[in-house]
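Following the hints, put chain P in place on chain W, whose structure we already have.
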Amino acid sequence: MDEKTLLTPVAVTGMSMITAQGACLADSWAGISTAANALRPWNDDSDDKLGRLQVASCGELRCPADMPAKLWAGLARTQQLAALAADEALTSAGLPRRLAPSSRPMGLFLATTVCGMDKNEQFYRQYRQNPQMANSRLMRRIQSYEVLTFIARRHRLNGPRILFLSTCVGSSMAIGAACDAIRLGRVDIALAGGAEALCRLLLSGFNSLRLVAPNGCQPFDAHRPGITVGEGAALLVLESAAHAKARGAKPIGYVRGFAATCDAHHITAPEPGGHWAASAIQAAVEKSGLMPGDIGYVNAHGTGTRDNDAMEAKAIPTAFEALDAAVPPVSSTKRLTGHTFAAAGAIEAAICLQAMATGILPPNAGLAEPDSACQLPLVLQSRPARTNAAISCNFAFGGNNTALVFSRHIETGRGGMVGKGAME
Amino acid sequence: MSLLHIHSLGICTSTWPSIGQLRKAIALGQGHGETGSGDEVARQKKPGDAAMVESMDAVSRWAIGAITEAWQGASLDQGIVPTDRIALLLYSAWGQVDSTVTYLESMWGDGGRFASPRHFTRSVHSSPTSLAAIHFGIHGPCQTLVHDAWPVCSVLEQADDLLNADRADTVIVCWADQPSAVATELCRRAAEDLHRAQFARFAGGDSHGGAVAAVVSINAILPGAEFGVEVGPVAANKKSVGAGAVVEQGAYPTDGALHWAAAGVAWSLAAAKAEGKALPAAADYWRESGHHGQMREVRFCRVAARE
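Residue numbers (my numbering), protein chains in the order written: chain W, 1 to 424; chain P, 1001 to 1307.
Next comes chain W alone, as it looks inside the complex (with noise of 0.2 Å):
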């Protein structure tokens, strides 16, 4: 692929979120930007000590009205998730909730970590006690591309079609790869993001790693006690700048750069230097054709804990020294958000994208005493700021390294002329 290929910017139509602040984009957005609080305790049915634990929970998801209440309960709640999101992603983008068969075709790139979890726990829970009583029923969702199989079905996407599974980075490399099908001419739309349901392995699990912040994470704080585990979904509609306009479409704003790296350091704790994850997000600054002075704005993973905050605040000013530009706005917004985990990617690009159509920065909300060995320029209240370009950071188990870059106009880079083109 050519150079002028590879800067081409390809065009957010349409996008969804729904997080504990709200079940769709508008609610999810007036919460991070007012820096709302949505922590509630687990209150699982087991009356053990992750019950009391602060998670950011979407609560009760309603079924949407075109379909059976039956179908509905017997989703994972993963599934659930992706369905509520897929609907607002497309409704957003002017597409209908079903593609017509003679559509062309639309790609769909997910991702999940956990997927039918929940309700394989309750089938293994069931299958411990009794297995001649479990239900069976339950392990339909045991396989993780459930999820992809039924999105593309609901909605009728017939085109390239794949799910990932790497954790924390997982919907930043299906936003990345739907970009890099779009751009390669493998399909000119796709629907790309993640969605994460609550569960209890994830929530035992990071409590056992003693990573759990029990009332709330603090990201880039002095004394940060952990994450907050949360769960929600976010999808884009991603097309060409062609398509979009041919169907006339309006674009939201643009995916201008993506880059992916490898820590290969060690399989839950990143790499100190933070060295990978400085690449990943200069790497994606260099082949977004802006000029790193446009970034405006860096959503950082900011999970809240010790090990990953520390390492982000060296790898963000490391990428931006050595592109030579001063460090940009910082803010995570994990504590409004808790981690989604497979979901974070998407939802805190759509975050970006958001916070570039409202001119407003959203906070790093959590934040009591900044930690000195995090010397990052951050949001500490949400404010108006105009910017035409942010980038959002994805770090994950494993050492995965995820940066993408969006832009509010495509007009913004240098002299505007790679996104005029590609226009045309």
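Calculated from the structure, these hints are not laboratory results.
C-beta: ideal position from N, C-alpha, C; glycine also.
Each statement offered as a hint is correct.
Derived DEER-like restraints, expressed as beta-carbon distance ranges:
hint, chain 1, residue 1, chain 2, residue 2, range
1, W, L380, P, F1114, 38 to 46 Å
2, W, G293, P, G1137, 30 to 38 Å
3, P, F1114, W, A269, 20 to 28 Å
Sample of chain W residues facing chain P (criterion: CB under 8 Å; computed from the structure):
hint, residue
4, L6
5, Y124
6, L148
7, I162
8, F164
Structure of chain P alone, referenced to chain W:
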């Protein structure tokens, strides 16, 4: 999709521990290897910390065993390609299912007081990818993928995208799954809800597993490429869109494990080499079945090897 150059192959299954063994068996007309041999070899041939090897689930041992063979076959151990220009794509339907089950057991037992953090981290589906990336020092994109229809085609297409989008110079593709009594039992119980093809796979009762790996590129950056591979478009109603002879599924010894499709490709290529058969360009191809009678073709051809 571009023509992908296959520089090397690696295999480590419960029946075939290496491509070399597979080729010998083909030459001798053997249909099956010895059950369990793959895991023993995976334990032996993986260098490094022995305790680390033992602590891995079989799927990771096998993945690393297969990648080791492919890695060495493509001379990646000689540093020809910078490690940040190597990508890893690992397809696993089940991931480290033993660790997942062990974690669930520890989570439900004794009120969760002894939930095992080690098994939790390994229950994560991307753990085999992470362990392989750490082992080989791969700093390019490392992705864990699953697809609901075409395990081989989808991974090869994703590799093609990574190469064409200049995200890597070479991609290691790996398909790995392990046998699991729990997974087999649970799937058998749910068989009435499964697709007939899946039922046939799970109902067989044989519990085998393994991994297949290949090093691919689009510009023959590495020496040793002899075969090329292309993925064809989706064809409906079991209709072929190609014109040549079909290498039918089923003639390879994968014993119902979920890596069957990838092993089939490896078998086809290994058979071609063992028999000294020249793969005619775009004539022999292997097909992968999807949902509702949809088919995709994986076409092989000979390519000029770089010295």
